[in-house]
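Turn these sequences into a full structure, and let the hints steer you where they fit.
Chains as they are written, first to last, in the working numbering: chain A, 57 to 207; chain B, 4 to 377.
Keep in mind that the hints are not guaranteed to be accurate.
[Stated by the list, open to error] Cross-link-like lysine-lysine pairs, in silico, DSS-like; alpha carbons within 25 angstroms at most:
{"id": "1", "chain 1": "A", "residue 1": "Lys-118", "chain 2": "B", "residue 2": "Lys-307"}
{"id": "2", "chain 1": "A", "residue 1": "Lys-197", "chain 2": "B", "residue 2": "Lys-243"}
{"id": "3", "chain 1": "B", "residue 1": "Lys-307", "chain 2": "A", "residue 2": "Lys-197"}
{"id": "4", "chain 1": "B", "residue 1": "Lys-61", "chain 2": "A", "residue 2": "Lys-139"}
{"id": "5", "chain 1": "B", "residue 1": "Lys-219", "chain 2": "A", "residue 2": "Lys-197"}
{"id": "6", "chain 1": "A", "residue 1": "Lys-139", "chain 2": "B", "residue 2": "Lys-96"}
{"id": "7", "chain 1": "B", "residue 1": "Lys-219", "chain 2": "A", "residue 2": "Lys-130"}
{"id": "8", "chain 1": "B", "residue 1": "Lys-61", "chain 2": "A", "residue 2": "Lys-141"}
{"id": "9", "chain 1": "B", "residue 1": "Lys-243", "chain 2": "A", "residue 2": "Lys-130"}
{"id": "10", "chain 1": "B", "residue 1": "Lys-307", "chain 2": "A", "residue 2": "Lys-141"}
{"id": "11", "chain 1": "A", "residue 1": "Lys-139", "chain 2": "B", "residue 2": "Lys-307"}
{"id": "12", "chain 1": "B", "residue 1": "Lys-61", "chain 2": "A", "residue 2": "Lys-118"}
{"id": "13", "chain 1": "B", "residue 1": "Lys-304", "chain 2": "A", "residue 2": "Lys-118"}
{"id": "14", "chain 1": "B", "residue 1": "Lys-96", "chain 2": "A", "residue 2": "Lys-130"}
{"id": "15", "chain 1": "A", "residue 1": "Lys-118", "chain 2": "A", "residue 2": "Lys-174"}
{"id": "16", "chain 1": "A", "residue 1": "Lys-174", "chain 2": "B", "residue 2": "Lys-219"}
Worth flagging that the hints you see were computed from the coordinates, not collected in a lab.
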Amino acid sequence: MNTEELKSSISAILPSVIYDETGEFLNVNIASEELYPLINELRSNSEFDFDYLFCLTCIDWKDHLMMVYHLLSKTHQHTIVLKAKISNRENAEIETVCNIWRTAELLEREVFDLFGVKFINHPDLRRLFLSDDWNGYPLRKDYVDENMISL
Amino acid sequence: MRGLIEDDYVTEEGEFVINIGPQHPSTHGVLHLKVWLDGETVKKVQPHLGFIHRSIEKMSESLSYRNFIFATSRMDYLAAHINNEACALTVEKGLQLEVPDRAKYIRTILAELTRLQSHLLWWGCTGLDLGAVTPFFYAFREREFIMEIMEETCGARLTQNFMVPGGVMYDIHPNFQKRTKEVLTQIKSKFQEYDNIMTGNVIFENRTKGVGLLSKEDAISYGVTGPTARASGVSCDIRKLIPYSAYDQVQFDEILGTGGDCYARYMIRMHEMKQSVFIIEQLIDNIPEGEFQAKTKNVIKLPKGEFYQRVETPRGELGVFIVSDGAASPYRIKYRSPGFSNLSALPLMAKGGKIGDLVAIMSTIDLVIPDIDR
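What follows is the structure, encoded as C-alpha cells:
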C-alpha cells in the first residue's frame with residue numbers, strides 16, 4: 057500500500073490518529089491506551105501484514121515519554137512508524153507487544169531497564185543490563201548520577 | 004546481571020542449572036548464559052547481559068555529531084567501518100548532504116574488506132569452537148593482510164574511525180589499490196583450502212547439519228537479520244533492498260539458504276566472502292578522481308526531526324535512529340544492533356538440543372558481545 061492508502065486504512069480502524077509526514081516514513085501518533093487494538097490489527101490484517109518490527113525504542117520528551125515502533129511488512133514492503141504517547145511519567149505503563157513480535161521481549165526489557173516503562177502482560181519483565189537494585193532510569197533526561205561527568 | 008540469586012535455581016526433578024560464562028571461551032566475550040539441563044539436553048536458556056554495557060546511547064547525547072561516530076567503533080569492533088558509515092549516513096541524511104563519488108567508492112571497498120575480515124575471523128573461531136584448531140591459524144593468516152591495509156590507510160587496525168560526515172577522513176594511501184588487489188588474489192586462492200579443511204569434514208557436518216533449526220516465520224518474528232536470517236530463507240540484505248553508498252553500482256548476489264540450521268548459516272557466510280571479493284574487484288580499479296570529503300560546517304547541527312538509516316553489517320541489519328531537536332548534539336540516539344535481536348532467538352534454537360549444539364549455534368550466529376550490550 058502507498059502512504060495515502062495506509063492513512064485511509066488506519067483511520068478506518070482508529071479515527072483519532074494524527075499523521076506526520078515530515079520524516080522519511082509515515083508517522084502515526086496515538087495515545088498509549090489505544091496501542092494494542094491498533095497494533096494487533098496491523099499485524100493480523102493481511103492487507104497491512106506488518107510482520108517485522110525492526111526497531112522498538114522510547115524517547116523522553118521531558119513532559120511525557122514516547123514509545124516508537126518501526127514496523128515493516130516483508131510481503132508488501134511498506135513501512136510505518138507508530139508513536140504512542142505516555143503522559144504519566146511517574147507510573148509509565150503500556151501494553152506489551154511481545155506476543156505479536158517475539159523480538160519485542162528483549163527490546164521491551166531494555167526500555168523498562170533504561171526508561172522505566174512498565175509493559176503490561178510482559179512474561180518476564182526484569183532489568184536487562186543494570187543490576188536489580190539500581191536507582192532510577194539512566195536514559196531519562198532527568199536522571200542524575202554523582203559519577204556522571206558532563207563533557 | 005541477575006542469575007546468581009538462589010530462587011532462580013528452582014528446578015524440576017532431574018533438572019540442573021549450569022552457568023556458561025561470563026568468562027568462557029565459547030561465548031566470544033562476556034556473555035552469561037544460564038542453562039537448564041536434563042542430562043545433556045538443554046531445557047531452557049536464559050541470556051544475562053550487561054557486563055560490558057557502556058551506555059553509548061547516553062554518552063552520545065552529550066557528544067557532537069562529529070564525535071559520537073567514534074564511540075560506535077567500540078560497539079561491533081569487527082565491523083567498526085560499517086558502524087561508522089551508518090552514523091555518517093544518518094547525519095548526511097539529516098543535512099541532505101551529497102557525498103562525493105570517490106568517498107562512496109572508498110566506503111564501499113572498506114566496508115567489504117571489513118566484512119571479509121569479520122567473516123574470516125568468524126570462520127576461524129567456528130573451527131575452534133567445534134574442536135578444530137588449524138582453521139584459526141589459516142583465517143588469521145589472511146586476515147592479517149587486510150588489517151595491514153586498514154592500518155596503512157586508516158591508521159588503526161580495529162577501531163578505524165575513518166568515516167566522517169561528508170565522506171572519509173583522508174584520501175586513500177598510494178599503495179591501497181595495489182595491496183588490495185594482492186590480498187584479493189591471495190584470498191581467492193585460499194577458498195578451496197578452507198572448503199577442504201572444514202566444509203567437507205564429516206565431524207564438522209555431523210556437528211552442524213540439522214542443528215539449531217530456525218524457521219522463516221520465527222526468524223522474522225524474532226527480528227533476526229543478516230546471514231543467520233538468510234540461512235532460513237528470509238531476504239533481508241539491506242545492500243540489495245535499500246542500496247546505500249556505491250552498492251547500487253555493483254553486481255552481487257544475495258545468498259539465500261533454506262536449511263535454517265548451523266550448516267546453512269555456515270555456507271551463507273562462506274559464499275558471502277566470495278561475493279565481497281567480487282564487489283571489491285568491480286570497484287577497486289574504478290575509484291573516481293575528485294574530492295574525498297564534502298564540505299561541512301565546523302559545528303554540525305541537524306534540523307529538527309528524526310532520521311533513520313539501515314545498513315548491512317557482517318552480522319545483520321544495523322539501524323541508527325537519531326532524534327534531533329536542532330542542537331549541536333543528538334537529543335536521542337538508538338542503535339538497533341543486529342546481535343541483540345539475533346541473540347533473542349538463541350533460546351528458541353537451543354531448546355531441545357544437546358549442550359554441545361549450543362556452542363555450535365552460538366558460533367554460527369556470530370555473536371559479538373559489545374554489539375549486544377552497547
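Hints, verified against the model:
The straight-line distance between the Cα atoms of A/Lys-118 and B/Lys-307 is roughly 16 angstroms, inside the 25 angstroms bound, and the hint therefore holds. The suggested pairing of A/Lys-197 with B/Lys-243 is violated, with an alpha-carbon distance near 38 angstroms, which exceeds 25 angstroms. As the CA atoms of B/Lys-307 and A/Lys-197 are separated by approximately 18 angstroms, the hinted pair is consistent with the 25 angstroms bound. Taking the CA atoms of B/Lys-61 and A/Lys-139, the gap is near 21 angstroms; set against the 25 angstroms cutoff, the hint holds.
For a cut-off of 25 angstroms, the pair hint linking B/Lys-219 to A/Lys-197 is broken: about 39 angstroms separates their Cα positions. Under the criterion of a C-alpha separation no larger than 25 angstroms, the hint pairing A/Lys-139 with B/Lys-96 is consistent with the structure, at around 21 angstroms. The suggested pairing of B/Lys-219 with A/Lys-130 holds, with an alpha-carbon distance near 12 angstroms, which does not exceed 25 angstroms. For the proposed pair B/Lys-61 and A/Lys-141, the alpha carbon gap of about 21 angstroms is at most 25 angstroms, so the pair holds.
Of the pairs offered as hints, the one joining B/Lys-243 and A/Lys-130 holds, with about 14 angstroms between alpha carbons and a cut-off of 25 angstroms not exceeded. Restraint check: the Cα-Cα separation between B/Lys-307 and A/Lys-141 comes to about 19 angstroms, which is no more than 25 angstroms; the hinted pair holds. With a C-alpha separation of about 17 angstroms, the suggested pairing of A/Lys-139 with B/Lys-307 holds against the 25 angstroms cut-off. Distance restraint check for B/Lys-61 and A/Lys-118: the Cα-Cα separation of roughly 15 angstroms lies within the 25 angstroms cut-off, and the hinted pair is therefore satisfied.
A hinted pair counts as satisfied when its Cα atoms are at most 25 angstroms apart, and B/Lys-304 with A/Lys-118 qualifies at roughly 21 angstroms. With a CA separation close to 24 angstroms, the supplied pair B/Lys-96 and A/Lys-130 stays within the 25 angstroms bound. A hinted pair counts as satisfied when its Cα atoms are at most 25 angstroms apart, and A/Lys-118 with A/Lys-174 qualifies at roughly 18 angstroms. A distance of roughly 30 angstroms separates the Cα atoms of A/Lys-174 and B/Lys-219; the hinted pair therefore is violated under the 25 angstroms criterion.
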